[in-house]
Amino acid sequence: MLESLKLSLLITSKHWAVYRKSFLSNILPIVTDPVFYLFSIGMGVGAYVTDLGGHQYVSYIAPGLIASAALWTSFFETSYNFYIRLSYDGSYKAMMTTPIGPREIIFGELLWVCFKGAGMCLGVCLVMFALLRQFDFVFLFSITLLGSLLGVACGALGLLATSFVKNINQFQTIYALLISPLFFFSGTFFPISDLPPTVQKIAFLNPLYYGIEIAQALYWKKDVADILRLFLPLLILSGLFLGFFAYRRIYRLLYK
Amino acid sequence: MQQILRAENVEKHFGELKAVAGVSFDVYAEECFGILGPNGAGKSTLITCLYGASSRDAGRLSIFELDPQINGRRLRARMGIVPQDNCLDESMNVYENMMHFAAFVGVKRAERMNRVDTLLKFMSIDHKKEATVKQLSGGMQRRLVFARALLSEPELIILDEPTTGLDPAVRHLIWQKITELKLRSGTTILTTHYMDEAERLCDRLMIMDKGKIAALGSPSSLIREHCPGYVASFDLHTELADKIKSKLASSAEFKIIEDQTGIHIRAPQIESLVQLGKDLQAEARLIRPSNLEDVFLTITGKDLSADA
Ligand SMILES: Nc1ncnc2c1ncn2[C@@H]1O[C@H](COP(=O)(O)OP(=O)(O)O)[C@@H](O)[C@H]1O
Ligand SMILES: [Mg+2]
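Line by line, the protein sequences give chains W and S.
First residue of the first sequence: 1, per this note's numbering; consecutive thereafter.
First residue of the second sequence: 1, per this note's numbering; consecutive thereafter.
There's no promise every hint is true.
To be verified - In the EDC-like style, the derived pairs of lysine to aspartate or glutamate whose C-alpha atoms are separated by at most 20 angstroms in a straight line are:
1) K21(W) / E90(S)
2) K256(W) / E16(S)
3) K243(S) / E225(S)
4) K93(W) / E90(S)
5) K256(W) / E111(S)
6) K93(W) / D85(S)
7) K256(W) / D85(S)
8) K256(W) / E130(S)
9) K93(W) / E96(S)
10) K21(W) / E111(S)
11) K21(W) / E130(S)
12) K256(W) / D57(S)
13) K108(S) / E3(W)
14) K121(S) / E96(S)
15) K134(S) / D89(W)
16) K6(W) / E111(S)
FYI, nobody ran anything at the bench for these hints, they're computed from the structure.
Chain S with its partners taken away, still in its complex shape (with noise of 0.2 angstroms):
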């Protein structure tokens, strides 16, 4: 595989806080590379130091043989970018705001129309070219952010939340559009703070908290590595938890976690949690395969959903 972007140490300050504290990672061609981490564990900074919007305190990078510090403009000509807020111009409509965009990254005046036009169809939102921007509903302005993006017909798409605060309806919606887009070979980063989305789209992920990489691999290797197995949930009852703990105290097999919505228990088999319900004569409210979530907890012992 060819390694399109290379990190090396990147460091990004804000007076004493270290935003980004050190991150080293490739991203390969026609890849889903993606940033997993709660609110404020550094993503978007990350990724506005990767297309040079921002610039960096320590650190290498290339992205396409580029610095983006230093060839800022010739790089983000060949990049899609869907930056965390829509930065739509609401005195304009869909189409002006296409349009202007698309003399932006220097799509040639005769083919402007039929580039935008072409992908507003794609986002499914041609039906609102003349509509305002305050018009639209929340998953339709992120839609056109997507189609904003695609003018520049880009090798390296970067999408910084797509679906954060959509309904489920419009996440599909635009997950189906990036996997289309990963089909015709694009290479692909995102983050987000959802590990279905991480674990559905991307093909490697870089778990982030505090500014550092906690974890890094493909969603499975992730999850065989950290927590493999299985999690069966029970609801919090003192009575209960006193029971498994005592039950559980030493055994190697079974993993123990609490939390708000109750106490998890992890095991490498799906029989031994069966069994482990039988003897306690309480019925698992759920049994499931782990997933991020879990790791991002085995990691560093709190909540996704939790700041940074």
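So that you can see chain W by itself, here it is in the shape it has in the complex (with noise of 0.2 angstroms):
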């Protein structure tokens, strides 16, 4: 068990080192995309809603945008870039060479979006404080560790998404309306409680929606022991339930 979790940081730090060496580029769309949305969305939406539950609407669209960056730079590992190292590049071909097996595999891609996820929270959200001109240190803080909880979830989602998919294309259709609707209905731009019923009773199964709750209890300071004793143990049991079906699914993918 220990070797194999020694393997698979391995696989993590493998990782690392080729995403390293293109960092900025790598990057770059996870912190800009919550910056235009900031501009775009966050002042042009913020001239007609001036109060949004007690918030200017930038302030309310802010955590839900830091905690989304998991979702993207997660998603995308684990969809587009997993399936190049699964069939294309012949990674894990070469790592099956080696004393590396499809669990150490798939732990040490979990493992990366646990990193990753963390990661970009932390950029996006010194980003955001500093054009807010803001700083918290105990948000910063845990909106990190959230990020590592909603990196994993939406990782497995990805791997579990891979798993269905029969050619690179397809991940089109998975962004058009799988990861999207996630985005949109997440209660980043709005609070979700304002929708119709049914429509919240599916947002409710959404791993992005209890992390952005958790991330907005964080930055308004409000009601969070609450938040958090309901959504940190449906985050993490969304992450768990996950991660069990795509590592059954991906093991055969890779273990034929």
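Dock the two chains into a complex; use the hints.
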């Protein structure tokens, strides 16, 4: 078990070594997207919506945008990038000639998105703080931890989606029909409670929604304990649940 | 000789297709065991079962007394594997490819640089340390994969088509390295569809066709058993072909084989082939000892270069 964990960490560190090589172009979209949302929708809609639950619109959407960075980075990693390593560049084939097996590959992937989710939330949070001229160490620290949990849950979802994909073009469909709705029905731009009840129920299955509820509570310092008590277990459970199914399906792709 | 691998009725299916359809063989310590067969014979599929990168559907396998399906991780730590596709990381240079692999196979941090340098030197690519994989020629890449497979100081080396598609100079270099490793008392399993490679390197050979074993033995015993003697090749003229056929129709001594390249006649004695040429008033293009290609043709009725 310890040996397995060590190998998974080595895989993660190799992913990092590859990622680092084109660091700027890799992180750029993840960081610039929330900034554009903040300035376009935040400022534009903010001109009409001056008070949402007691917040200026820009500061209403800021925590959600930061937490969403974990979704984008981890889902992209376990969908496109994972698929390329699996089917095109032979990375995993090569690893399977060493003591590394399918278990280590999957755990290595989940560890990687755990770190990536944390790192991206941290980075986007710092950029947001700079733009909004504020600083809150407790939030910075807790959003980083939240990013790691979101990274695993959304990364596992990505792996699960990848296990159904027949060719790389199908990811377009998954982005359109799965990831966009997850993002738009996550409570980032408006409270989910304002939606019709049926839509609310569906949104309640969205792991990103759990994370964003937590992020907002932490950012606004409002009902933190209550929100954590409800949504932290949900987020962790959804990560475990998705991880479990992703593991089983991806295992069979790696070990035919 | 100590037996280190035993395969019994191993099968691997892909849907309806039995890519490996029940093969049984043993491999002994310090030998070079070859698997010869055309494209699609099931060599690579069998190989991935051996190192536990894919499951099998039937049969038993034990290597160093371990089942790769159960103890793949422990087994691979004792093997060096050159897969058919290089599977090198194109975003990294030669040195980085080696260092990451060294970590994967468990080389201690303090030893890594040293081991990597030694192996790059052994494969004569130490001057390419900083080159990215894309900058390497096909032969260089293959040598890097070779060096990579040796990082674990393997007791068993598995080579899946080590020289396919490489130019003669690189093939010879790789053959030389395989021979050097053999002298260091390692055990080697290699697959190939080149009969000269099999003949040159392998102590024992298993000829595979359509997932099954067509023949098994040392190269010389296979030749002795299935097609002893010499082969004379004539250019194909219908006139000559007819003449040969009518003359040799009832002969037990001569065997006629026709293919796209000409008409070939095999006989146990070289003298009788020379005499035949004189009788026919036709000069053979080539008279040579029969080889593994002839064995394959005799057993399966087709060329090694054809698909299975
Ligand atoms: N992953 C796979 N899925 C389906 N069929 C496969 C797969 N891998 C190999 N095959 C088929 O199995 C047969 C044996 O292939 P392979 O082991 O690669 O042969 P060889 O290495 O001798 O050329 C071929 O017909 C090939 O198409
Ligand atoms: Mg093959």
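> Which hints, by number, does the structure contradict?
Replying inline: 3, 5, 8, 10
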